[in-house]
Every structure is written in C-alpha cells, then in structure tokens.
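Each chain, written out:
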Amino acid sequence: AQSVTQLDSHVSVSEGTPVLLRCNYSSSYSPSLFWYVQHPNKGLQLLLKYTSAATLVKGINGFEAEFKKSETSFHLTKPSAHMSDAAEYFCVVSVTSGTYKYIFGTGTRLKVLA
Amino acid sequence: DTGVSQNPRHKITKRGQNVTFRCDPISEHNRLYWYRQTLGQGPEFLTYFQNEAQLEKSRLLSDRFSAERPKGSFSTLEIQRTEQGDSAMYLCASSFGDLSSYEQYFGPGTRLTVT
Chain V
88 AQSVTQLDSH VSVSEGTPVL LRCNYSSSYS PSLFWYVQHP NKGLQLLLKY
138 TSAATLVKGI NGFEAEFKKS ETSFHLTKPS AHMSDAAEYF CVVSVTSGTY
188 KYIFGTGTRL KVLA
Chain L
1482 DTGVSQNPRH KITKRGQNVT FRCDPISEHN RLYWYRQTLG QGPEFLTYFQ
1532 NEAQLEKSRL LSDRFSAERP KGSFSTLEIQ RTEQGDSAMY LCASSFGDLS
1582 SYEQYFGPGT RLTVT
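Protein chains in written order, with the working numbering: chain V, 88 to 201; chain L, 1482 to 1596.
Pulled out of the complex, with its shape left as it was, chain V reads as follows (with noise of 0.2 Å):
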C-alpha cells in the first residue's frame, strides 16, 4: 500500500532564506508523486509532480522537489521564500492502478517571517 509522510508539521523561515519541506513515501511500484499547495479560502493548487522521468522536477513559483528512491523522499525545495509562499503544503503519492486516487500527507503549513 500506498502512503506518505510529511516529516514536519509546521515550518517558519525568514523572507529570501531557503525552503526546506520535507516528505517520505512508501509504495510498491514506482510511485507518481506531487506536492500541492493550498492558501486559505482557495482549492488546492499543483505545484509539481514526478512521474518516473527526470528525478529533479522544476515547478511553479520557483519550486523544485527531488525523487530520491534509494532514501523515499520527495522534499520540496525553494531557493528564497516570500511571503506569498505562506500557505499548506500536501505531499501525495498517487495509487498506481483502478482508481489512481490520491493519498495525501497531514500538511505542512509554512509561515514567512518578514
């Protein structure tokens, strides 16, 4: 079976210093993997995903996460943090047959400190 999980529960860091959001996974098969986003009062957003091709996926936002199979993490990455970032982050690893249903992490929410 299919699982994830996001190692911390909250994250502060300071406007322009890097971002660290760290997730593990554990599945059978080679996994798709994503990391989405959600801000207050707005539906969830993707930022990313892996899907068994290049191990250093570049998304939105300056966001980037590496697939790291030997270690199951999948930790999303930011060079500099602005406040805008401030917001819940999910890591979730995608059922591999039938339905493809999600399974998400318990969130990270991320504060941006001026």
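A portion of the hints provided could be inaccurate.
What the hints assert, rightly or not - Here are the computed lysine to any residue pairs in the SDA-like style, where the Cα-Cα straight-line distance is at most 20 Å: (1) V:145 <-> V:172; (2) V:129 <-> L:1507; (3) L:1492 <-> V:136; (4) V:145 <-> L:1584; (5) V:129 <-> L:1496; (6) V:129 <-> L:1552; (7) V:136 <-> V:113; (8) V:198 <-> V:150; (9) V:129 <-> V:172.
By construction, these hints were calculated from the structure, which means they are not laboratory data.
Keep in mind that this is a model prediction, so the values were computed, not measured.
Assemble chain L onto chain V, guided by the hints.
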C-alpha cells in the same frame, strides 16, 4: 473560468438534516473524485467515478452518504441525517486519462458545518 466548481461554498445545517453538494468538473475530464478534509488533516478519499460509473467507495463513506454522476457530467454528494462529525471541507477533483501520472484538478470545496 473552466476549472472545477463546487456549490455551495458553505453550508450550515442542523444535526439530522439532509444536505446535497454539487461538483462540476472540467468538461473533458472522465474521472471525478470526492475527498473530505478535516481541520489540520490532509484530504481523505471518499469515492471515485469514471464517467457515470462509481467504481470505488471508501470505508469512510457510511450508508448515510451517497454520490451520483448522471451522464458522466456533474456529480452530487448527499449526506442524510447529518451528524456533527460530518463537519468538514468536502473537495471535488477531476482528471483525464488512465494513468496515475495525470494530475487531479481540485475545486474550492464546500465547507459543511453541522450544529
């Protein structure tokens, strides 16, 4: 706007009442999902449609819950005899294709409060 839409955005109801939510997916998407999100948690899968067929239901979906997708277009989620534990954000998502790599597009959600 051609994204996923959900109505209503907010619903307050008294315990024991029935409620119905609607989801309009992106028009060419054949797959439609319902998820439930409670405070401080990630969304959890409830049910899935491929076209008009409901192909999977989560254990979370008790007998009080029913979902339909007539003609493979919009979908409705009905909760009968609501309970306070049903208070949550109900999210709808749609996608196209038959591969796990196809991302799901989410609507803004319907926030249900049961008093």
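Verification of the hints:
With a C-alpha separation of about 16 Å, the suggested pair residue 145 (chain V) and residue 172 (chain V) falls inside the 20 Å cut-off, and the hint holds. Among the hinted pairs, residue 129 (chain V) with residue 1507 (chain L) is consistent with the structure: their alpha-carbon atoms are about 17 Å apart, no more than 20 Å. Taking the CA atoms of residue 1492 (chain L) and residue 136 (chain V), the gap is about 33 Å. The hint is violated against a cut of 20 Å. A distance of roughly 15 Å separates the Cα atoms of residue 145 (chain V) and residue 1584 (chain L); the hinted pair therefore holds under the 20 Å criterion.
For the hint pairing residue 129 (chain V) with residue 1496 (chain L), the CA-to-CA distance comes to about 27 Å; that exceeds 20 Å, so the pair is violated. For the hint pairing residue 129 (chain V) with residue 1552 (chain L), the CA-to-CA distance comes to about 28 Å; that exceeds 20 Å, so the pair is violated. A hinted pair counts as satisfied when its Cα atoms are at most 20 Å apart, and residue 136 (chain V) with residue 113 (chain V) qualifies at roughly 16 Å. Between residue 198 (chain V) and residue 150 (chain V), the direct Cα distance comes to roughly 16 Å. Compliance with the 20 Å bound is thereby established for this hinted pair.
With a CA separation close to 13 Å, the supplied pair residue 129 (chain V) and residue 172 (chain V) stays within the 20 Å bound.
Of the numbered hints listed earlier, those contradicted by the structure are 3, 5 and 6.
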